[in-house]
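Asker: For reference, the chains in residue letters:
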Amino acid sequence: MALTTPGEIAANAAKRKARPTPRVELSELRRKNDVAGTVFKGLLLGGIFVTFLILIVLLVQVVRDGSNVLTGRLGDFLSSGLGSSPEISGIAQALRGTFYVTLITALVAFPLGIASALYLEEYAPKSRLTNFINLNIRNLAGVPSVVYGILGLTIFVNGWGIRSITGGRTPIAAGLTLAALVLPIVIITATEALRGVPRALREAGYGVGATKSEVIKDHVLPYAAPGILTGTLLSIARAAGEAAPLILIGATTGFLSDIPGWGDVTQAREPFTALPIIIASWARQPQEGFKVDNAAAAIVVLVVFVLLVNAAAIFMRNRFERKRAGL
Amino acid sequence: MTRSNSTNKLVALLAALTMVAAACGGGDSEGSEGSTSGSTSGVNVSGSSTVEPIAIRVAEDFKTVDGDVKTQVSGPGTGDGFKLFCEGGTDISNASRTIKDSEAENCKENGINYVELKVAVDGIAVMTNPANTAVECLSFADLYALVGPESAGFETWAAGNEIAADAGGDAGLPDAPLVISAPGTESGTYDSFVEIVLEGIAEERGEEPDARIDYSSAADDNVIIETLATNDTSFGWVGFAFAVENADRVKLIDVKDADGNCVTPTPETIASNEYPIARDLFIYVNTGSAANNEGLVAFVDHFMDFGLDTAVAEAGYVPLTDEAKAATRAAWTGR
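Keeping their order, the protein sequence lines are chains A and B.
Residues in the first sequence are numbered from 1 upward in steps of one, following the numbering used here.
Residues in the second sequence are numbered from 1 upward in steps of one, following the numbering used here.
None of these hints come from the bench; they were simulated from the model.
Given the structure is predicted, the values throughout are model-derived calculations rather than measurements.
Worth double-checking, as some hints may not be accurate.
When the alpha-carbon atoms are kept at most 30 Å apart in a straight line, the in silico BS3-like pairs for lysine-lysine are as follows [what the hints assert, rightly or not]:
| # | chain 1 | residue 1 | chain 2 | residue 2 |
| --- | --- | --- | --- | --- |
| 1 | A | LYS291 | B | LYS83 |
| 2 | B | LYS251 | A | LYS291 |
| 3 | A | LYS291 | B | LYS256 |
| 4 | B | LYS100 | B | LYS83 |
Extracted from the complex, chain A is given alone in its bound form (with noise of 0.2 Å):
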């Protein structure tokens, strides 16, 4: 094969696209009677209806029940702290909490992820205890998420000689511990972006004199970091609406006098608590004011992090797909 760029193959594979495809040709040559495909069509159809459906119900729901707090005192809802009445109680601590809980994650999950993923794909010989690992790293993607609470609980939190690093039950302990939730999922999509970088894209690399590190620094990674990216991103913003783990952990339920600002990176290693834990605790309280309208509020807000945080990750693998392209 010619010595090839990237900028080639990416052109070559936008000409291959551009091409008409056969697709309409055949569709008129399809039997006018074919009442099983039909039928497949039409469950098709109904099944992401019905995943659409559980949805809307859902979001309709929660806004409904959230909307006398988002309408009526959103402000003073996102910036007040935990209390004893609903009308007085927001959600500032379990903000600053959510936040620093998953930042933690994303530092730690993130290289380690990434360098993990890179060694077994482009490092590792093609041995049996390879296979092995990566066939328990896809066995631990698999693995409950209150099981790494209690890791999280053992080693975290109460291990010795780790617990004067992270404080005990703090965002540095619940963060570790999610990070650790997280590991598997990041290795894996990782891998498979690695695995999807075009084998002429390497050979371009070595063909040129350049060393194995230089083609997966200069190469394999900058093309295969949009899949990286996006699948490490959403999986960190599943972790953030993670319950379970932090209650094991020990996130504060009912209340805490401290409202630390954003910068102050302090509460990293100060008790604290996180939206999925307040949403819990509210859900279980008498009053309809907890259990209603705060708990819905909680969880819009919620929902809206967890999007943003999608959305950081659809705008990042645009924006690296478009420099892979070469625009």
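Dock chain B against the given chain A, drawing on the hints supplied.
Answerer: Frame of chain A; chain B shown alone:
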């Protein structure tokens, strides 16, 4: 050219993030000793979710009095609270029952000394669906016949009539399906119900003092209310304050006292001990922490004034009588 630029940016970003992480981790290690055993300046309250609203109200008001002391309140449950408390993890443990021997033993082994302070009274409401007009008043014998250890497998109220009659009850239970939803064994409310209602009769009859094992238990009181509100002939129990909040959805059943009079649960009948299923609510304070934590002392002082006088009532519980308040305050000052 563009490619290697973007990679460099990515690498730089990762490096920057890693450094921030390192700074977060190492920057404030001098403050670490505090949170390992209770706290030296802050106040860490955990334990019963029933008592939690009182503690939250006190902590909230305490913030306006002394804003420098950091407080935190959680409510995982009485049992979980004592576990933490006796490991030195918390300064105050809320409890909807007194400490068990095994828990006290655990505290002793870890060198945790404490003072027990009674802060409020809470009734336990036995409830059914508003549609269940056949049931207005139950005796302890009836309650034992419905949920006692011998009743496992009973699917109607009437199935309990034989046991109820045998134990000295009226045996007028209706022939209707019996759906039971109540707190699980981890709850202080479960322990109190068993101790007050079931234990006496169970001992007389040579049975273990436990509820039947085949009822649907729930850690969330809202789930219990929901089950009762959606089943016409259901039965269950929760704390009185919780039941009152849902008085439009469930019916509170009167309970017969020792003289056979039906007593309706109200704040007055609970405070006067006329209503027979009432339990005391407590806080346990780590006296070792109190000795070198002025913030904790100030917090409990506030609990003794504002808490007993105002917060208890605001949280929906029955305040102590004046003598009982005096006794609690004396126990705190004499710790």
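Asker: Confirm or reject each hint.
Answerer: The hints, checked one at a time:
Restraint check for LYS291(A) and LYS83(B): satisfied, since their Cα atoms lie roughly 28 Å apart, inside the 30 Å limit. For the hint pairing LYS251(B) with LYS291(A), the CA-to-CA distance comes to about 21 Å; that is within 30 Å, so the pair holds. Restraint check for LYS291(A) and LYS256(B): not satisfied, since their Cα atoms lie roughly 33 Å apart, outside the 30 Å limit. At roughly 11 Å between alpha-carbon atoms, LYS100(B) and LYS83(B) fall within 30 Å of each other, so this suggested pair holds.
Comparing the model with each numbered hint stated earlier shows that hint 3 is the single one that does not hold.
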